[in-house]
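*Asks:* Below are the chains, spelled out letter by letter.
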Amino acid sequence: MNHRTTRRLLEYCFTVWVIVTLNFALPRVMPGDPFLHLSADEGDEVAAFSRAQQDYYNSQYGLDRPLAEQYAVYLSALFRADLGYSIYYNQGVTAMLLRRLPWTLLLVTVAVAASSVAGCLLGSLSAYCRGRWQDRWLYPVMIAVSEIPAFLLGLVFLFTLAAGLKLFPLSGAMTHFAVYDGVIDKIMDIARHAVLPVLTLTVVRTGGMYLLARNSMTTVLARDYIRTARAKGLHPVRILMRHTLRNAMLPIATRIFLSLGGLVGGAILVENVFAYPGLGRLMRDAVLVHDYPLIQGIFLLITVSVLSANFIADLVYGRLDPRIRETAGVTP
Amino acid sequence: MKIPNRIMILLLVIGLGLCACDQRKTEGTAPEVETTGSAARYDADVIRLQGGDWGYPTPFAHYPRGPGGFKMCMIFDSLLERDEKGLIPWLAERYAIEDNGLTYRFTVRDGVHWQDGTLLTAEDVAFSFQYANRHSATWSYIFDAVAGVTVEGGDTVSVRLKKPHAAMLSSLGRTRIIPKHIWEKVERPKEFTTPEAVIGCGPYRLTGYSKEHGTYRFEAFENFWGPGQRVRVIEYIPVSEPILAYENREIDLTAVTPDLLPRFRDDPAHKIVRSPAFWGYRLLMNTDTTACLRDVSVRRALAHAIDRNELVAKIARGAAVPGSPGILPPNHIMADGPVRAYPFDPRQSRRLLEKAGYDRVNADGIRMGADDGTILDLDLLCSSQEVRMAELIRQRLKDVGIRLTVRSVDGKTRDSRVRAFDYQLAVLGHGGWGQDPDYLVAHLCGDVFDQNAAPSYSGLPGLDAPELLDLLKRQQTEIDPARRRDMIGAIRKKAAELLPELPLFYTTGYSIYRPAKYDGWMFMFDHHSLSHSKLSYLQRSGVAAMR
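Just so you know, the sequences run in chain order H and F. Take 1 as the starting number for the first sequence in our numbering and just add one per residue. Take 333 as the starting number for the second sequence in our numbering and just add one per residue.
Think of the hints as simulated: they come from the structure by calculation, not from any bench. Relax, there's no trap hidden among the hints.
Okay, the calculated bits of chain H under chain F, using three or more residues with CB under 8 Å as the criterion: (1) 87-101; (2) 153-166; (3) 170-178; (4) 274-281.
Just so it is clear, CB atoms sit at the ideal spot from N, CA and C, and this is done for glycine as well.
Kindly generate the complete structure, drawing on both the sequences and the hints.
*Replies:* Below, the structure is given as structure tokens:
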């Protein structure tokens, strides 16, 4: 590991510590406490907690200890990958996150991949045909698409494709209590349930990716070496893929990494519209009920994934654009 | 095109990974369904209802909010059960209250089996009380209230309380009975979530649960001691839009908003039921910090100025009944007899304000006190979801010369401020209005007797009503049902006279289902959901016969 990478790593460690500390403090300064939220005033029955019960639970969860001690316990547990025990959900936070993570990963990785490919292709087409009818049509349509809120688009798909045409299931990630014929049958069932959430996320993300690709490509297409390539009579696809896209990749790669970094919290609205059992839905519920350990666990996961994505992006930049390594004084 | 290929491989790996880890889960939670034979004795083979994760259905691990507790009740029976009219004997064949409410004797039913085949004994019942007294159940009724429990003559359990309490029959009767042989070694009951933790003696056993998907599957317990089950399997599945799921026949019963009623009303395939009004909004008044509210005439003027029928029509769109100044909702089993009413009458409101000394009006039309010139200017605290209601109240109060400033905050901030008495007027909505009227103590007195975490249990600061407080305290130890009923009646009348708070309206709500699929739904006497009662799934014969 070279000097620059070590320095970056230390910077990230410091950032993680700051965020972990904020993460510990924030839920505790939010209005209310866990008992206010455990009290079922909003439900049908009033589940109320007497003083004796509050003392019982406070002692069980260590909430009666001084803040400094709670902080020390929290930090030492983190080193053991123990994110604590959820007060509301009665389960270890790490286990809860691990059970939800695959569903969100499935949705968001497919959507990021699909929207990146679609956005890049359409952006390239638009840039290459700049000023012609393809660009004149694509540009306003993609601007409009990029502005549609995810939950609205999700509801439109839900009402039309699922409820109206009955092409897809209304909710959930799989058919429950079903007996499958085999693995393929189950994969198809999961895929069918994922179509609408993935489609929603893809459409919403494609607009931004398209605009970025179009701008980046337009800049590169105006360069002299592209004019030279054209003059040499190279095939347009070769010019686009080999000479333009590669050079326009830096901002696009940044965007893809940022999207991957936001994996965890990226699908909150869509998961809620489709009752999809991912982390976004869990995060919303955790905030609503002020479940300190769970909120801390989810936010920490988001932090770590965003920082990791940034760190990887830093490393990948060097490979994509050797000039970055040179300015940092790093020898290959 | 190397990149798409890599992505494809990645997706395939993720897909296979998901599948591999999920296959085991499905096998564990979705047992094979028997389709013939035993199904014939049931009215419905499978009923599907709206799911969502409400916790592992043990008395200690389910979540306090929502329907988690009622799912647990399908598995775990109690000594008494609730039908349309009140408490009925269930695991207890009979009971007696002795020593002025200090001792309760329950005779435990014979021939009751746990779902693992073991026989239920009086020892199990005694253990359940001792355990619930030591470890707080999620819906705790008796935590730290029991002085001692003894088994007498093999089938009778005697429970001695630390102090008598009129609501204790219901509290003891609703405490879940758990098998001693399973729970006696469990020290952290909230974390005990193994398969044997859901062995009860109730009519249904849990055969599937997924926390992340929010699904539950209950199957009729064949050795159930009581009335036969009418539904073989009850499944709870996640839904995005309940009414869409109902129309698509994914679920068999759901709540329906008043706007959608015309769509189903004339279709005989659907049956619409209006639920009793046990969820309500209250206008809380802080007489401690707000001098003008100490005058009962001002409080009565507020009641006359606010059009509660308008709130029902515009906010609840008709699915509610106006609040009663006697606090208990009209569907409550102890809400008999009329109490003083405060119909919408701005002129009467103005007269009352003048009587209270606010007989001058400033240039903005706001009333002023004759003595010191203070204007009638109040703050109304509400959550962001209640702003429309608050605005309607503001308009009506402005008509009689009261300036109201609406302070809208998020729901939990409002709850915190209500608990801290940091308000002048506040709108608070919550459930539980059908329960034992002992909740009036918590509504009105809060920590005068025992403080609690729920904002609805905070009490009203500065309440100066010694007679009302005395009645509230005395009803807690009145064991004779008839005398207690009279006392509750007197409390309702007194509350309506003094108006320490004003219930605005109680929501009713509608449920819809297809009677051809299943028509056994019923409401418990104190609860507003059709699907929550276990009697909704049982034959109405024997101990569960209609009264």
